[in-house]
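Number of protein chains: 2
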Amino acid sequence: MSMLRIAVDAMGGDLAPGAIVEGAIAALNEHPELMLILLGKEDAVRAELKKYKYDESHVQVVHCSEVIGMAEPPVNAISKKKDSSIVRGLTMVRKGEADSFISAGSTGAILVGGQVIVGRLKGVDRPPLGALIPTEKGFSLLIDCGANMDARPEWLVQFAQMGTVYMKHAMKIADPTVGIVNVGAEEEKGNALVKETFPLLRACPEIHFIGSVEARDIPAGAADVIVTDAFSGNLIMKMYEGVAGTLLKVIKGTLKSSVPGMLGGALIKKPLKSALKDFDASRYGGAPLLGLKGLVVKAHGSSKAVEIKNAVAQCALFYEEDVNGKIKLLMEEQAEKQRKAKKAAKEADASKEQS
Amino acid sequence: MSMLRIAVDAMGGDLAPGAIVEGAIAALNEHPELMLILLGKEDAVRAELKKYKYDESHVQVVHCSEVIGMAEPPVNAISKKKDSSIVRGLTMVRKGEADSFISAGSTGAILVGGQVIVGRLKGVDRPPLGALIPTEKGFSLLIDCGANMDARPEWLVQFAQMGTVYMKHAMKIADPTVGIVNVGAEEEKGNALVKETFPLLRACPEIHFIGSVEARDIPAGAADVIVTDAFSGNLIMKMYEGVAGTLLKVIKGTLKSSVPGMLGGALIKKPLKSALKDFDASRYGGAPLLGLKGLVVKAHGSSKAVEIKNAVAQCALFYEEDVNGKIKLLMEEQAEKQRKAKKAAKEADASKEQS
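Chains as they are written, first to last, in this note's numbering: chain A, 1 to 355; chain B, 1 to 355.
Hints are supplied without guarantee of correctness; some may be wrong.
[Claimed, not checked] Covered, in the sense of this in silico footprint (three residues per stretch, anywhere, with C-beta under 8 Å from a C-beta of chain A), are these stretches of chain B:
id: 1; stretch: 159-171
id: 2; stretch: 211-217
id: 3; stretch: 222-234
id: 4; stretch: 317-329
FYI, nobody ran anything at the bench for these hints, they're computed from the structure. Predicted model only: the values in this text are computed from it and were never measured. C-beta: ideal position from N, C-alpha, C; glycine also.
All chains should be built: construct the whole structure from the sequences, respecting the hints.
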């Protein structure tokens, strides 16, 4: 295998370029076989690079004069800002000049650019964003958590198929279970999308479908692959953050209001912190946008160095295991199956008309 | 005002009839002006009643020979089991023999029965289930959290209007703010439903609309009335439960694994418990099904006595403040407005054709 080239958007995210460059260099120092491509304002990037020791022959800086802001309309930004780090990074992936692109910048621009610039794999209807979320058992892949706000049943089936490949090969889970987010365990429950998707998932031989998963059971680790539309996926991700944050505030406030609470609070501070670290959604790095002709990873907007480091490591594993090659094969098989089924249906119709 | 008659389903919920009868009697002892109507198997209900002291002239037991199970298909159950506590209770509300009905039984049966037996107020398209959820600031009304899985924009507008009346009069919030659940703060974000609903809410003079609310900000208390479809509402409710439960398990596990953690854990046990009590969704009683010709309240399936007691108290306040009368008036005004707007549009069309 030739050297893996990972392009990193040095300008994206709340803590860019400092935390981005720091994390990328930390990953390089752990995986010295990588080639790192940092995209952004060259002066700013080089100023950050000066702070670290690393193998200079494995770092390339690509100057980009433009930056896409978080609030810019994505389609407009992608078509106008040709010299932004996001457009340049995605273009490198499309041209085969980089194997993957990581950005903590505008989600909208990355989603639109991923499809428009990198392009979809054959047979893929809509690339979903999959995020690893923490559970009592470890983690689950929540897919889609950001790309397709209004989804169709057949898209969700593809999310389940691609998510299964990802968990099996990039995350080494032998037989990943798949559940669909629902409001109850029974098949007849749910909204129209879930009701239509449920039988398709059950009939899908490429996945290990275990049925409906209630939101309440997601943090406990109800399934390895949690399939849903991006609107619901976003709600789930954000509720993790919101409930945990508020609960900790409530606990802190109460502990401060009594002497035993204050004493106990001081004693548990350290163990509590380590517990919460385990339950931190960001430690798994970024969210891969699956189903593209190359790997595009969206890192959290508030990513610190460690998250960028993890995202780079994730990209390396993704390539070692040829996850995209496996997704490509599966999706091509599916497209072929559908083509044959359609042809057979057409022929059946034709013979019916003749008789 | 005549005596308020509250019908309670003694057979509904995981802890029925024990916890239900206990809670209802506790409410009666606090509000001795109520008339309590307990519906269920008479023997079982009377056996529970024997345990308590109360004013017997204020308790009526209505024997019902049937019980609707949690897993029964709702429409079927409502049409077949005429002598169940749910059908009998709802029928009493329709006939004016009871002012409200509380049940911790099958949500589906209560939702279907509420519409079919009690009936909608004039002008109400779809009655939503509204639940009070705990926040850092107190509580918010999450509406719809269970009734309409696939909603339309104009229904969400009615949820916002009815929710505003409820929070203003039943919960005494002077100028309730209204937010719509969304995946970002900007108006152009969201799924099709949110995008269509947003301008309608902004143009609605009866509510204090503050725009999009991200799921992350709900536990912090982002708005008094949180409008959404029932699928998303259910996700939000269940994520409260799931994240809090898992987080506490993770914290407990970590505290047990170190000596300072164990010591600290022992000290904080009591204050922690009281903090979590404040953050317990059930303490506000049940979820009202708004927009019906009488008050129907769904209590949580796992309701304990205290929750039933709170639900009964909630019904009392609802009637004291004539919340349903105010909702009725508002919805009739809205229907009249729409009728006039349609008529004007028709006349405009007609005069256009003539000229």
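To see whether the hints hold, each was checked on the structure:
{"no.": "1", "hint": "159-171", "in the structure": "violated (count 0)"}
{"no.": "2", "hint": "211-217", "in the structure": "holds (count 4)"}
{"no.": "3", "hint": "222-234", "in the structure": "holds (count 5)"}
{"no.": "4", "hint": "317-329", "in the structure": "violated (count 0)"}
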